[in-house]
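Protein chains: 2
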Amino acid sequence: MSQSSVTAALLVIGNEILTGETRDANLAFLGTELTGLGIRLAEARVVADDEGAIVAALNELRRRFDYVFTTGGIGPTHDDITAASVAKAFGRPLTLHPEAHEILLGYYEPGELNQARLRMAHTPEGAQLVENPISGAPGFQVENVFVLAGIPSVMQAMFGSLRHRLTGGQRVLSETIVAYLAEGHMAAGLGAIQAANPDVEIGSYPFHKEGRYGARLVLRATEPERLALVSDAVAALVEELSAGS
Amino acid sequence: MSQSSVTAALLVIGNEILTGETRDANLAFLGTELTGLGIRLAEARVVADDEGAIVAALNELRRRFDYVFTTGGIGPTHDDITAASVAKAFGRPLTLHPEAHEILLGYYEPGELNQARLRMAHTPEGAQLVENPISGAPGFQVENVFVLAGIPSVMQAMFGSLRHRLTGGQRVLSETIVAYLAEGHMAAGLGAIQAANPDVEIGSYPFHKEGRYGARLVLRATEPERLALVSDAVAALVEELSAGS
Numbered sequence: 018m019s020q021s022s023v024t025a026a027l028l029v030i031g032n033e034i035l036t037g038e039t040r041d042a043n044l045a046f047l048g049t050e051l052t053g054l055g056i057r058l059a060e061a062r063v064v065a066d067d068e069g070a071i072v073a074a075l076n077e078l079r080r081r082f083d084y085v086f087t088t089g090g091i092g093p094t095h096d097d098i099t100a101a102s103v104a105k106a107f108g109r110p111l112t113l114h115p116e117a118h119e120i121l122l123g124y125y126e127p128g129e130l131n132q133a134r135l136r137m138a139h140t141p142e143g144a145q146l147v148e149n150p151i152s153g154a155p156g157f158q159v160e161n162v163f164v165l166a167g168i169p170s171v172m173q174a175m176f177g178s179l180r181h182r183l184t185g186g187q188r189v190l191s192e193t194i195v196a197y198l199a200e201g202h203m204a205a206g207l208g209a210i211q212a213a214n215p216d217v218e219i220g221s222y223p224f225h226k227e228g229r230y231g232a233r234l235v236l237r238a239t240e241p242e243r244l245a246l247v248s249d250a251v252a253a254l255v256e257e258l259s260a261g262s
Numbered sequence: 018m019s020q021s022s023v024t025a026a027l028l029v030i031g032n033e034i035l036t037g038e039t040r041d042a043n044l045a046f047l048g049t050e051l052t053g054l055g056i057r058l059a060e061a062r063v064v065a066d067d068e069g070a071i072v073a074a075l076n077e078l079r080r081r082f083d084y085v086f087t088t089g090g091i092g093p094t095h096d097d098i099t100a101a102s103v104a105k106a107f108g109r110p111l112t113l114h115p116e117a118h119e120i121l122l123g124y125y126e127p128g129e130l131n132q133a134r135l136r137m138a139h140t141p142e143g144a145q146l147v148e149n150p151i152s153g154a155p156g157f158q159v160e161n162v163f164v165l166a167g168i169p170s171v172m173q174a175m176f177g178s179l180r181h182r183l184t185g186g187q188r189v190l191s192e193t194i195v196a197y198l199a200e201g202h203m204a205a206g207l208g209a210i211q212a213a214n215p216d217v218e219i220g221s222y223p224f225h226k227e228g229r230y231g232a233r234l235v236l237r238a239t240e241p242e243r244l245a246l247v248s249d250a251v252a253a254l255v256e257e258l259s260a261g262s
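Read top to bottom, the protein sequences are chains A and B.
Just so we're aligned, residue 18 is where the first sequence starts under the working numbering, counting upward by one.
Just so we're aligned, residue 18 is where the second sequence starts under the working numbering, counting upward by one.
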């Protein structure tokens, strides 16, 4: 299978995701964006607002993948422990970042920058800021780890601020064919096409919509000619089976 | 912090989730259901359709948590490798499950149970089936691991079939207060209430909706009297700050 050689992981931090109270939206966004940059999102994790869990996950992921993104837990309240946990994972002190301090001084009205909000200007020592064009308080980068907000609109704006820092690999192109056929009806044919074309990854993602079963067949490859050729073969298979069913 | 002592993890299997093509819905469902049963969903992971990744994640999670649920990758196509990967993780052979075979023979019209569909009757040796009331092909359980479908409607029906096998802990009760106040304005007060009441977990989940900032304040505890008392304190804080702003 042809795969981009640049990899990433996402670490979602927050009890509210694990209890089902909030539905994460950052994984789908990041997956789409990274794919477009030629970076393969290889793993995502969700952990609670728990220092031990954050430190352990982060230290594993940052060694295994080229980039790690965290979302959530960088606000001003007592349960926002991401910055302190990242500092601990890297063995660096958590210190007031002068540039972040300046940003918050400019963002809030005089007197509004209280102790709680000042926590948002603290980063692991030596961190590089990630601009937040929406709500002031910045994210930050330490080595290959980017620490971002959890609110999707803010997280997406921060990603816009940092995307130029990422170095992508070969872009993976994709082609999607929607088939209103049972997967079990297509499986033998699809498997044969996959076996004959290992450089094109063929995924079959079943759905059940309005009483009908079907599957989205997604083909991925780095070479456009190969992608087109194998897509044609899959489309011909689907047409043949649809005619016969 | 008061926490249920029964824990679980979710392992979502599928490239389509990591590329952003499909947005996972099973995490939020499972988190809500488990919380209701007094089981704490402590971690969720998403990995690709990759045997090595599935085996490694599963072997870590099944040792660390009381229950593990997997979703995705149990269909009939070549990229459905979950059953084989689970068998490998447990060091058991993948064999035709006689009961699953019967189910599929009953589900499909004569002649429709082809080789590809027969793959869905294969489980790690000794697995106990999980009934699929929607589309025939069952999920299965091996020790503390439940292997479920990825399609949300099917996954949810399977969860209904297995829920009686789960032993929950003390139920965690929750109370939600929505505050249209900036988190930084409430943080000092919330932090003080949290520090004085460590048996009630207070989470602050900011949102940005229609141009307004606010936060959902979620309180969780096992003792209803304590939950009510601390909720009253938080509500009073929000009222006081709202009046003053």
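Do not take every clue at face value.
It does not matter which identical chain is used: a pair holds within one copy or between any two.
[What the hints assert, rightly or not] List time: in silico SDA-like cross-link candidates among lysine to any residue, alpha-carbon distance up to 25 Å:
{"id": "1", "residue 1": "Lys-226", "residue 2": "Phe-46"}
{"id": "2", "residue 1": "Lys-105", "residue 2": "Glu-68"}
{"id": "3", "residue 1": "Lys-105", "residue 2": "Glu-77"}
{"id": "4", "residue 1": "Lys-226", "residue 2": "Thr-49"}
{"id": "5", "residue 1": "Lys-226", "residue 2": "Glu-256"}
{"id": "6", "residue 1": "Lys-226", "residue 2": "Leu-130"}
{"id": "7", "residue 1": "Lys-226", "residue 2": "Ala-45"}
{"id": "8", "residue 1": "Lys-105", "residue 2": "Leu-54"}
{"id": "9", "residue 1": "Lys-226", "residue 2": "Arg-40"}
{"id": "10", "residue 1": "Lys-226", "residue 2": "Tyr-124"}
{"id": "11", "residue 1": "Lys-226", "residue 2": "Gly-55"}
{"id": "12", "residue 1": "Lys-226", "residue 2": "Pro-115"}
{"id": "13", "residue 1": "Lys-105", "residue 2": "Pro-241"}
{"id": "14", "residue 1": "Lys-226", "residue 2": "Ser-170"}
{"id": "15", "residue 1": "Lys-226", "residue 2": "Gly-108"}
{"id": "16", "residue 1": "Lys-226", "residue 2": "Glu-160"}
{"id": "17", "residue 1": "Lys-226", "residue 2": "Ala-70"}
{"id": "18", "residue 1": "Lys-105", "residue 2": "Arg-81"}
{"id": "19", "residue 1": "Lys-226", "residue 2": "Ala-205"}
{"id": "20", "residue 1": "Lys-226", "residue 2": "Val-72"}
{"id": "21", "residue 1": "Lys-105", "residue 2": "Ala-252"}
{"id": "22", "residue 1": "Lys-226", "residue 2": "Ala-42"}
{"id": "23", "residue 1": "Lys-105", "residue 2": "Pro-127"}
{"id": "24", "residue 1": "Lys-105", "residue 2": "Val-255"}
{"id": "25", "residue 1": "Lys-105", "residue 2": "Glu-192"}
{"id": "26", "residue 1": "Lys-105", "residue 2": "Gly-261"}
Derived by calculation from the structure, the hints in this document are not laboratory data.
Do the hints match the structure? See the list:
1. Lys-226 x Phe-46: Answer is both; intra-copy 23 Å and inter-copy 18 Å each pass.
2. Lys-105 x Glu-68: within (9 Å within a copy, 32 Å between copies)
3. Lys-105 x Glu-77: both (14 Å within a copy, 23 Å between copies)
4. Lys-226 x Thr-49: For Lys-226 and Thr-49, both the intra-copy (23 Å) and inter-copy (23 Å) Cα distances are at most 25 Å.
5. Lys-226 x Glu-256: within (20 Å within a copy, 45 Å between copies)
6. Lys-226 x Leu-130: The answer is between: 23 Å across copies meets 25 Å, while 50 Å in one copy does not.
7. Lys-226 x Ala-45: both (21 Å within a copy, 20 Å between copies)
8. Lys-105 x Leu-54: neither (30 Å within a copy, 34 Å between copies)
9. Lys-226 x Arg-40: Classified as both; 21 Å inside a copy, 15 Å across copies.
10. Lys-226 x Tyr-124: Only across copies: Lys-226 and Tyr-124 sit 20 Å apart there, 47 Å inside one copy, limit 25 Å.
11. Lys-226 x Gly-55: The answer is neither: 31 Å in one copy and 32 Å across copies each exceed 25 Å.
12. Lys-226 x Pro-115: Result: close neither inside a copy nor across copies, 53 Å intra and 31 Å inter.
13. Lys-105 x Pro-241: The answer is neither: 45 Å in one copy and 35 Å across copies each exceed 25 Å.
14. Lys-226 x Ser-170: between (29 Å within a copy, 10 Å between copies)
15. Lys-226 x Gly-108: neither (50 Å within a copy, 37 Å between copies)
16. Lys-226 x Glu-160: This pair counts as neither: shortest intra-copy Cα distance 44 Å, inter-copy 33 Å.
17. Lys-226 x Ala-70: Intra 38 Å, inter 30 Å, cutoff 25 Å: neither.
18. Lys-105 x Arg-81: both (18 Å within a copy, 22 Å between copies)
19. Lys-226 x Ala-205: For Lys-226 and Ala-205, only the intra-copy Cα distance (23 Å) is at most 25 Å; the inter-copy one is 48 Å.
20. Lys-226 x Val-72: So Lys-226 and Val-72 fail the 25 Å test inside a copy (41 Å) and across (31 Å) alike.
21. Lys-105 x Ala-252: For Lys-105 and Ala-252, neither the intra-copy (52 Å) nor the inter-copy (34 Å) Cα distance is at most 25 Å.
22. Lys-226 x Ala-42: So Lys-226 and Ala-42 pass the 25 Å test inside a copy (22 Å) and across (15 Å) alike.
23. Lys-105 x Pro-127: So Lys-105 and Pro-127 fail the 25 Å test inside a copy (32 Å) and across (62 Å) alike.
24. Lys-105 x Val-255: Neither: 53 Å inside a chain and 33 Å across chains, both beyond 25 Å.
25. Lys-105 x Glu-192: Neither, since 43 Å and 32 Å both go past 25 Å.
26. Lys-105 x Gly-261: neither (62 Å within a copy, 38 Å between copies)
When the structure is compared with the earlier hints, violations turn up for hints 8, 11, 12, 13, 15, 16, 17, 20, 21, 23, 24, 25, 26 and for no others.
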